[in-house]
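A.B. asks: Modelling step: build the complete structure from the supplied sequences, incorporating the hints.
So the protein sequences, as listed, match chains A and B. Numbering-wise (our numbering), the first sequence opens with residue -12 and increments by one. Numbering-wise (our numbering), the second sequence opens with residue -12 and increments by one.
No wet-lab data here; the hints were simulated from the structure. All values reported here derive from a predicted model rather than from experimental measurement. The C-beta atom is built at its ideal place from N, Cα and C for all residues, glycine as well. Possibly wrong hints are sitting among the right ones.
Stated by the list, open to error - Listed next, with one range per pair, are the computed distances between beta-carbon atoms:
(1) B/G231 - A/A21: 57 to 65 angstroms
(2) B/D204 - A/M226: 33 to 41 angstroms
(3) B/A18 - A/G128: 46 to 54 angstroms
(4) B/G64 - A/R12: 56 to 64 angstroms
(5) B/D272 - A/G64: 46 to 54 angstroms
(6) B/D204 - A/G24: 20 to 28 angstroms
(7) A/G128 - B/G305: 20 to 28 angstroms
(8) B/L262 - A/D69: 30 to 38 angstroms
(9) A/A246 - B/T219: 38 to 46 angstroms
(10) B/V258 - A/G305: 54 to 62 angstroms
Number of protein chains: 2
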Amino acid sequence: MGAASKPLVSRRVKVAGLGKYLPERVIASAALEAELGLEPGWVERVTGVRERRRKGPDETQASMGAQAVLAALADAGCSLDDVDLIVCGSGLSQQAIPCTAVLLQQALGLAARGVPCFDVNSTCLSFVHALDVVGDLVARGSYRCAVVVSTEATSVGLNWSEHESAVLFGDGAAAAVLVPTPEGEPSLLFEGCFTTDSRGAALAEVKGCGTAWPPSDPATPREYALFHMQGTRIFRHAMKQSVGFFTEYSTRLPFALEAFAALCPHQASLVAMRLTARACGFRQDQLVENIETHGNCVSASIPMVLHDGVRGGRIRRGDRVLLAGTAAGLSVGALAMVY
Amino acid sequence: MGAASKPLVSRRVKVAGLGKYLPERVIASAALEAELGLEPGWVERVTGVRERRRKGPDETQASMGAQAVLAALADAGCSLDDVDLIVCGSGLSQQAIPCTAVLLQQALGLAARGVPCFDVNSTCLSFVHALDVVGDLVARGSYRCAVVVSTEATSVGLNWSEHESAVLFGDGAAAAVLVPTPEGEPSLLFEGCFTTDSRGAALAEVKGCGTAWPPSDPATPREYALFHMQGTRIFRHAMKQSVGFFTEYSTRLPFALEAFAALCPHQASLVAMRLTARACGFRQDQLVENIETHGNCVSASIPMVLHDGVRGGRIRRGDRVLLAGTAAGLSVGALAMVY
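C.D. replies: Below, the structure written as structure tokens:
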């Protein structure tokens, strides 16, 4: 990229609050192993996931996202009346039309005030891209209390004949409240950096549900609505992409990678995440992880680990935090902040 | 909104080039009337559409969008090698995963350079939201040649038992190249303003294709993959929303609404567009229209009329231009620029 060696731009925007919502129903890996005829322990050994949540039949991306927003507003000391922007940064959509942010507005009861709504999508990096662009909208003064929501109902698109991916994913939502950084406080959002190599576009995909293979066409196979992934090839591809990306990224930061108090990585799979982080120059004790109990929650994983890092006391105000991950595309991205 | 009476922020970002792609196949309203058993002249009288394009069986949102990008780059005097960001601002997606911008990157052959990709979606206002956020990314110096692409394959989701909407839509794509405004040139992008009222969320929808009614579930009716709209109710709702919105919007502009050389409105339907524009204080001669020959191309309509206004000589460098429209949600939005 042309701007490669320029220092990262920063914005005086603060993540004022974080919220998370997990559906009640816990699906243990042991139960899946029994159901699928897999060797006991296989799921946790291969993916690092011991249990994940699955949404109830009446839960939707909007209802889960709304719960996460309410928790984030409470954390920020804000009320629903303060919200002036709703951005949904999710990999999946609840319906084809309208966008999911509109359905979130409905679930939150914010219709009458006319709060603007739009979606940002880059699959597992959707939260990071959304945070990046909403950071600009808040920094330029257009909004004073924006919510960024990632909410995923992965369980409806699992391909149970493809064990490796079917056992990996979990449902849930997370949200962040963004405000201008108050005078005298240290919070900053640095610019997000991203790279995509579409030679890996078919390595993680749901081929259907869109205009290429419309569900209305009887010729579209039903399994095209299900997730397909080639885990080993993704890992190799993403590892190579990530090492180059973070080598360049570190030259643009105003401090070294080791100065991050926490790395909040996408919870793609436990082994892949740890090996990639190590190869990119991070220490294991910098990583915040929740894949063991949450599974891979697509776009919601990164804000969930940020949330968990803060709630667990590992991330404090003024700490340097890095959100980073890989996504279908294949893409790699990162956004540094002073929390 | 809290920021309601503040003057609009502007950014020194230039729409350096515009491109449009229309599939070859023309579908005349007369042919549809014959096919559907409608009275001759009904379609044009009700919707204003005389003909629209329909994509060929091998065309995709990505292939159409790529053609629009190539045309926009040629117009800007840029090459593919200059592109450093691809943002797809479309209402429809080609697949559920990955995002459509990735598939555009693939179609453009830009994989090896790692050009970042993400999607922005607010249905018919997707281009305007995308332009707004990409404007910030260019203004802050992250990108020097960003493309914003709106590409729609509406023909795959038409509900032929609902004549009013089935005859309205067309396929096609449009793209814009965004660069920092060169020293001494007048081009500006003002901030975009938007409002959503989700009490109208069910008035224009595709209920399926997402996690609420997954196509993999045999219980999901096939027609949920098709577009449904309540035209008269949308018109009334959008009219009321729009008048309030533009009354407020005009107080934030540094000039009067009549100073716009051109209004590039979403081509929702001819009568609705004209009546709404008039009620909001615009003159008929400010409107750029192409619904007669293009139909409603969802997100691609606004950049298409911007393109047509420039190519037809109605919009010249330094002119004040307003992009504005309504979208499923229901949403209303506008973005003013000095072209």
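A.B. asks: List, from low to high, the hint numbers that the structure doesn't satisfy.
C.D. replies: 9
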